[in-house]
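With the hints as extra help, turn the sequences into a complete structure.
Each protein sequence line maps, in turn, to chains A and B.
Here the working numbering is used: position 154 in the first sequence is 154, and no number is missing along the way.
Here the working numbering is used: position 44 in the second sequence is 44, and no number is missing along the way.
Be a bit skeptical, because a hint or two may be false.
To be verified - Just a few of them, taken from the derived set where beta-carbon distance is under 8 Å, the chain B residues facing chain A:
| no. | residue |
| --- | --- |
| 1 | 44 |
| 2 | 424 |
| 3 | 425 |
| 4 | 427 |
| 5 | 435 |
| 6 | 439 |
Stated by the list, open to error - Chain A stretches covered by chain B per the calculated footprint, using a threshold of three residues with CB under 8 Å from any CB of chain B:
| no. | region |
| --- | --- |
| 7 | 72-86 |
| 8 | 98-107 |
What the hints assert, rightly or not - Just some of the chain B residues that point at chain A, by a computed CB distance under 7 Å:
| no. | residue |
| --- | --- |
| 9 | 29 |
| 10 | 418 |
| 11 | 419 |
| 12 | 421 |
| 13 | 422 |
| 14 | 426 |
| 15 | 428 |
| 16 | 429 |
| 17 | 440 |
| 18 | 443 |
Calculated directly from the structure, the hints in this document are not laboratory data.
All values derive from a computational prediction rather than experimental measurement.
A virtual CB, placed ideally from N, CA and C, is assigned to each residue, including glycine.
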Amino acid sequence: MNETFEIVDLHARIEEREILRGLNLTIRKGEVHAIMGPNGSGKSTLANAIMGNPKYEVTAGEIRLKGENILNLPTEERARKGLFLAFQYPCEVPGVRTANFLKLACNARAGKELDTMDFYDKLQEKMKVLDIEEKFVRRYLNEGFSGGEKKRNEILQMLMLEPEFAVLDETDSGLDIDALKIVCEGVNKLRGPDIGILIITHYERMLRYITPDYVHILVEGRLVRSGGPELAAHLEQFGYDWITKKQ
Amino acid sequence: MSAPPPTEPFAGRAYKEGFHDDIKTLKSVPKGLSHAVVDYMCDVKGEPNWMREFRHRSLDLFLKQGIPEWVPGLRDEFHYDEFTYYVSPVEKSSRRWEDVPEEIRRTYDKLGIAKEEQKLLGGLGAQIDSEMAYHNIQESLAKKGVIFLSCDDGMKQYPDIFRQHFAKNIPPEDNKFAALNAAFWSGGSFVYIPKGVKCDIPLSVYFRINAEQFGQFERTLIICEDDSFCHYVEGCSAPIYTTNSLHAAVVEIYVKERARCRYTTIQNWSTDVYNLVTKRSMISAKGVMEWVDGNLGSKRTVKYPSCYMIGEGAHGEVLSLASADKGMWQDAGAKLVFLAPNCSGRINSKSISGHGGRSSYRGLVQVARNATGCRAQVNCDALILDPHSRSDTYPTMEINGDLATIEHEATVSNVSDEQLFYLTSRGLKKEDAVSMIVNGFIEPVVKELPMEFAVEINRLIGLQMEGSVG
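Set out below in structure tokens:
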């Protein structure tokens, strides 16, 4: 079986503005990739295009999940096939308890009604990993959550849904150092041969806790350079100017 | 985002109560309203003379009165002559379910108002068209002196209590539809809770319209004596025809000192029905009235459950939940009228408009000059599901009493694309995501309801919102 997530010559735009201009990337299960890029380079567009946000239009290219082009699939189908996006700005859904939402999401991912006790056992376990207190999941989904709580909730959802490929869109933004550590530990727990992870970030600091196998630099809608973890360190030292000047 | 797909019609898809049965009519009158119809009704019902006079006077008032200026539209939408004002498929109201004609029992079985349900209830009434087919109360409650009868039987069996209270709270002069009801009233409930009696299990009545182009005018009178408690629950439905029907009820409630009454409505008329209802409670000192008003159906609803706080320290509360789907206009809301000092009141209104439906919140908070130290809190939130739908808010406040604390908050929100994308990205189907957002929106109101009503309301709203696209 083809255990890869491939982005092939991806072009995407929002409101007539072309943002991605031929992006290529292949992630195999077991790998962690990081895409770093300055503001406006197309990081969020990439995350949204992968998950099928209808606001973003893909004009050319393919996104293949285990060999299947998923571009024509609606968002929920992509999720059910094992794709996950941790949002940069998770939105609030008043009146919907986090646990209830998670249960429905897990049922959707499993394609069947899960046993309630099993679900809650697993939820407890994952909450411990992320140092989340009991009442958190009884609160309404993201409503009144701090920035850190929202991001933690994203990772909780990821741990619960056990995706095959996960995209983390600027998960480090808005996190203090303690929260960042906990969130990264959670990701590291999930890391393994059954999942491919793509971390999209502006800063290198998240990569201090999650060492990526590959680092790519995104500039003006294309990956302009790829390397190992040392590339991230280099970038932190010299800034994006170093790469954009070379262009 | 691509254009939303055409929405499914409400009728037939989600409205499982839209069937009609062939039920033999035993008594009916020709179409249209007239003094002759009034006389016919008085004759077949065997009513006392004072009621005959009252009805005739009410019909005159109805013919004289105009529709209030602020009631939107209505005037040109239907003609009073297109309806039949009295249709009875039963001889009398039965106390045993077995005595109800079989074809009517069958209708009620289909609606799930099966006999078993009585076990959860203190009493059950079932009205079909103009008359109550069934009305019964648990023996234990009857022994405590609780009276639960059809309104007609209440008049005959307890003439003194009845006459002391009937139309004293809502006289026919009050408004055109109250006058219409007063002229043609038939059926509804008469509830009397004696001093100090707590009627812990709900008394429930289901109103069914089966006839076509028909007007249902039930009248309900509830009297809670000092220190008593009762919870009254009503539900309703009607078949789907291509013609209009009319439902103009009047509900009068008296909450005496320190008594508490909760009145729950799950209004689920078909989109043929004009629902023009007057509901009012008079609350004596330290009494508590709670209206839970769920308007989920009808073509048009005009209804504002009211709390008149006439004794010091009275409390009135209205939870209003309106869902306006395709072809519906819910003009709902509430009134709090403070006529005594140190009273408090709360209105919590939630409306949802989808598939081109329209909902309006219309509310009144009125504080009389002598009603000092009163507190009122009004929250009204509207959720609009698509650009074809509409929501309006018409709050009125008239504060004359000193030291009043009045709070009013209103919000309007949409199902946002961001919310839909977020929820679908976790594998939820779009319609489930919409339904989740809608149920979340009404959660603060629904969580105050007893479980079985909460489930029913979630079910009905979930059905309506199928196929909604944000």
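Which hint numbers doesn't this structure obey? 1, 5, 9
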